[in-house]
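Q: Which chain is which? The protein sequence lines are A and B, in order.
Going letter by letter, the first sequence gives residues 1 to 342 in the working numbering.
Going letter by letter, the second sequence gives residues 1 to 342 in the working numbering.
Don't read these hints as lab results, they were simulated from the structure.
A few of these clues could be false.
Heads up, the list lumps identical chains together, so a pair's fine if it works in one copy or across two of them.
Cross-link-like lysine-lysine pairs, in silico, PhoX-like; alpha carbons within 25 Å at most [stated by the list, open to error]:
| hint | residue 1 | residue 2 |
| --- | --- | --- |
| 1 | Lys28 | Lys74 |
| 2 | Lys70 | Lys306 |
| 3 | Lys146 | Lys201 |
| 4 | Lys28 | Lys298 |
As the structure is a computational prediction, the values presented were derived from the model and not from experiment.
Number of protein chains: 2
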Amino acid sequence: MNESIGKQSIRFGTPPVISGASSTVGPKESDGPLSAYFDEKVEDATFGQDSWEKGESEMVRRTVLHAIQKANRKQNDVKYIYGGDLNGQLIGTTFGIKDLNIPVFGLYGACSTCGEALSLAAMTVAAGYAEHVIAVASSHYGSAEKQFRFPLEYGNQRPLSATWTVTGCGAFLISNPTPENSNKPHISAVTTGKIVDYGIKDSFNMGASMAPAAADAIFQNFADLDVRPEYYDKIITGDLGKIGQEILIKLLYQQGYDISSQHTDCGLMIYDNEAQDTHSGGSGCGCSAATLAGYILKQVEDGIWKRVLFVPTGALLSTVSFNEGQTIPGIAHCVVIENGEL
Amino acid sequence: MNESIGKQSIRFGTPPVISGASSTVGPKESDGPLSAYFDEKVEDATFGQDSWEKGESEMVRRTVLHAIQKANRKQNDVKYIYGGDLNGQLIGTTFGIKDLNIPVFGLYGACSTCGEALSLAAMTVAAGYAEHVIAVASSHYGSAEKQFRFPLEYGNQRPLSATWTVTGCGAFLISNPTPENSNKPHISAVTTGKIVDYGIKDSFNMGASMAPAAADAIFQNFADLDVRPEYYDKIITGDLGKIGQEILIKLLYQQGYDISSQHTDCGLMIYDNEAQDTHSGGSGCGCSAATLAGYILKQVEDGIWKRVLFVPTGALLSTVSFNEGQTIPGIAHCVVIENGEL
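Just chain A, with the same shape it has in the complex (with noise of 0.2 Å):
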């Protein structure tokens, strides 16, 4: 029986499992900390086309078939795909499975969309409304530079709170319990996240606009579940980074809680910020998914980690949204992510 318990989280009677899970990183992340985690690593960032943004959907297509292989699945046991990236339009997921057959939801919640991704793609099979379906997220680093900042031939200065936009997929195939996959991680709640507003303006500074969307949403997740941060090994956050991590574990502190020991971020494990020039760590939608299904679930499966929170990060603007003064709210979604033998 599913719950819906507190007013963002829902408790899934029979958690869904994550049966495949593939990650795909480009040249700086397959250099990083993280690179032997990662399924496959390319050299070439266009991955053999002749634009970054075609380079994203390619990525993308390979990324989402590898995770149904790994499950020893076929592309036609697949009924949905939850899925989306940071272009506009989700022009990097549209082109990259529009030749799957396969019935799509489009997502956007900024980097915190593999978290949505997710959360949707277990609440459709724990609901039986489906035995198989595909989450991914990804981002490009040549394609979100050039949409959000500046194109990469311009050369700019990035200041010292400023992140790299990972260039990565992550795809997972959320299917329903069986004998076969009862060892595989499971999804054992989330919690979706509201938008949080604390008016930040500097978009080279978005681990600020996202730290109090990130506290709010654990926040609620320990209300709504009646725990405490003990209750998890790990949580991990997507990627607010150097500065927006000490925001969050200060705004839990003030809360009654206390993070510091458990938390850590996807944007501060994917690079070495030191020797890779990263500045505060790594972003974009393809930071957590990348992280995630290379890094993380791995944790998870070898019991090093049994219980994780992870909770991926979204800055809500756009070009236009930015030059016509708005701010840019934050928002993030929880998911628990749970050892099978659990």
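Given the coordinates of chain A, assemble chain B onto it according to the supplied hints.
A: Frame of chain A, contents of chain B only:
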């Protein structure tokens, strides 16, 4: 008991109810044939704001609140918002709902977004995850033309195959059935569309790019539910326009289905194309959303139409994909809406 039927459809055991619906439109829509059916009609398309985008957000905010109010509910009763618009990174929706304090799933399905939102909202309520959720979709002529074609100030000539983006929003409160709302229209089934790409590259001929996707989704709806066109009093697509309508009817005729007596299109109903110089008809997420909220639901509630197949249609392009020479793939989602007495 909800049923997953066929490859792409779900039939709801206990169909969720559209307990409240509201529509807001701009001046051109207020002058059109459906004028009497819209809840709010504004003369100032900026909605009192200093940009088209901020105006669109204000329209979204008002329409969502009005839909909740029309169902005699409070903001606090709503567990999730499913919504989206045409703007890059969904800024129309984001800034419209950011202060409502309701968890959000951001969606992008181009002009099919209303169908995507209604499908997910109905799935969420029918699964027991929430008692009340909002589905919302909007578009704005000023923000859409600036983004996709030419700024209004440029004053370009429009070919006859071009459609006119509707300044409009439709919001729907989807609720559990109760004795009080049982007379309201129900959502009894949904069919989720695949991306269909016929290789169209003309951004002034969206109807032709979307018609194959609409044909595919409607065909699948007939097959999954094992029904024929006569099962529906009306089959209403989103914004195919005149040219798209001809293609749709022909494609389904080739598959053995004649929908010519049931079919109409929101884009063909919302304007008087001769008198209002709107060429091939209305388009945009707001076209189908406002037409459903204002006109279609009234016909269903009054029992004039007992059962309608509502099929918003989307063209999946961005200026970047278009300028890089990509095709314009289409998508469409089917929502079966029935009179409460059925």
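Q: Evaluate each hint against the coordinates.
A: Hints versus structure:
With identical chains, the CA atoms of Lys28 and Lys74 are never at most 25 Å apart, being 31 Å at best within one copy and 49 Å at best between copies. Taking identical chains as interchangeable, the C-alpha atoms of Lys70 and Lys306 lie at most 25 Å apart only when both belong to the same chain, with a minimum of 22 Å there against 46 Å between chains. For a Cα distance limit of 25 Å, the shortest separation of Lys146 from Lys201 qualifies both inside one copy, at 19 Å, and across copies, at 23 Å. In the homo-oligomer, the alpha carbons of Lys28 and Lys298 lie at most 25 Å apart inside one protomer (21 Å), although the nearest pairing across protomers, at 56 Å, exceeds that limit.
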